[in-house]
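Trainee: Order-wise, the sequence lines are chains U and Y. Going by the UniProt record's numbering, the letters in the first sequence line up with residues 1 to 82, in that order. Going by the UniProt record's numbering, the letters in the second sequence line up with residues 1 to 82, in that order.
Among the clues, some could well be false.
Just so you know, same-sequence chains aren't split out, so a pair can sit in one copy or run between any two.
Below, a list of computed lysine-lysine pairs in the DSS-like style, where the Cα atoms sit at most 30 Å apart [claimed, not checked]:
no., residue 1, residue 2
1, 20, 3
2, 11, 41
3, 41, 3
4, 41, 20
5, 56, 20
6, 56, 41
7, 3, 56
8, 11, 56
Hints were generated in silico from the structure; no laboratory data involved. Small disclaimer: the values here were computed from a predicted structure and weren't measured.
2 protein chains.
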Amino acid sequence: MIKARIIVTLKTGVLDPQGKAIESALGNLGIDGVGSVRQGKVFDVEIEGEDAAGAKATLDAMCEQLLANTVIENYAVEIDNR
Amino acid sequence: MIKARIIVTLKTGVLDPQGKAIESALGNLGIDGVGSVRQGKVFDVEIEGEDAAGAKATLDAMCEQLLANTVIENYAVEIDNR
């Protein structure tokens, strides 16, 4: 079993209304000094088997086809070597 | 300016219907060998100033009060030292 974490974030320049809403909510809560917030998604994935190269290929296919919209989002895959 | 990343994930045992939907969509796409998927949230935050201890306190307050539901979610804060 290979564990991996995929992080999907909006590309620079893409408007992030959720992040803006969080910034304004923080202001209302009295939490100051926060410059900017941008929200993304994280996926913790377990891949069967022990083939790290195959797992990387599967994870990339998952991101390209399902998890990330590569027009407006970047993704990063981290394979956990513990 | 201090950059930090907050990762909010569901606690073990909490049902994750979004993750289950992704697992079934992967099957439909013909991507096999994926054992489990669990979805979480990531927040990229910029904190004003250079006070790392103060930034850590601000980030913890953000998580406790707004970003994470600590009944069902865990959060991790990583301060970027680049």
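Trainee: Between copies, within a copy, both or neither: which fits residue 56 and residue 41 at Cα up to 30 Å?
Mentor: both (19 Å within a copy, 22 Å between copies)
Trainee: Up to 30 Å between alpha-carbons, please classify residue 3 paired with residue 56: within, between, both or neither.
Mentor: Answer is both; intra-copy 11 Å and inter-copy 28 Å each pass.
Trainee: Which holds for residue 41 with residue 3 at a C-alpha limit of 30 Å: within a copy, between copies, both or neither?
Mentor: Classified as both; 17 Å inside a copy, 18 Å across copies.
Trainee: Classify it for me, residue 56 with residue 20: is the Cα-Cα distance of at most 30 Å met within a copy, between copies, both or neither?
Mentor: between (33 Å within a copy, 21 Å between copies)
Trainee: Given a CA cutoff of 30 Å, do residue 11 and residue 41 count as a within-copy pair, a between-copy pair, both, or neither?
Mentor: both (13 Å within a copy, 16 Å between copies)
Trainee: For residue 11 and residue 56, with the copy left unspecified, which applies at a CA distance of at most 30 Å: within, between, both, or neither?
Mentor: both (22 Å within a copy, 26 Å between copies)
Trainee: Given a CA cutoff of 30 Å, do residue 20 and residue 3 count as a within-copy pair, a between-copy pair, both, or neither?
Mentor: Between copies, since 17 Å is at most 30 Å while 32 Å is not.
Trainee: Using 30 Å as the alpha-carbon threshold, which applies to residue 41 and residue 20: within, between, both, or neither?
Mentor: For residue 41 and residue 20, the Cα distance is within 30 Å both inside one copy (16 Å) and across copies (16 Å).
Checked against the numbered hints given earlier, this structure breaks none of them.
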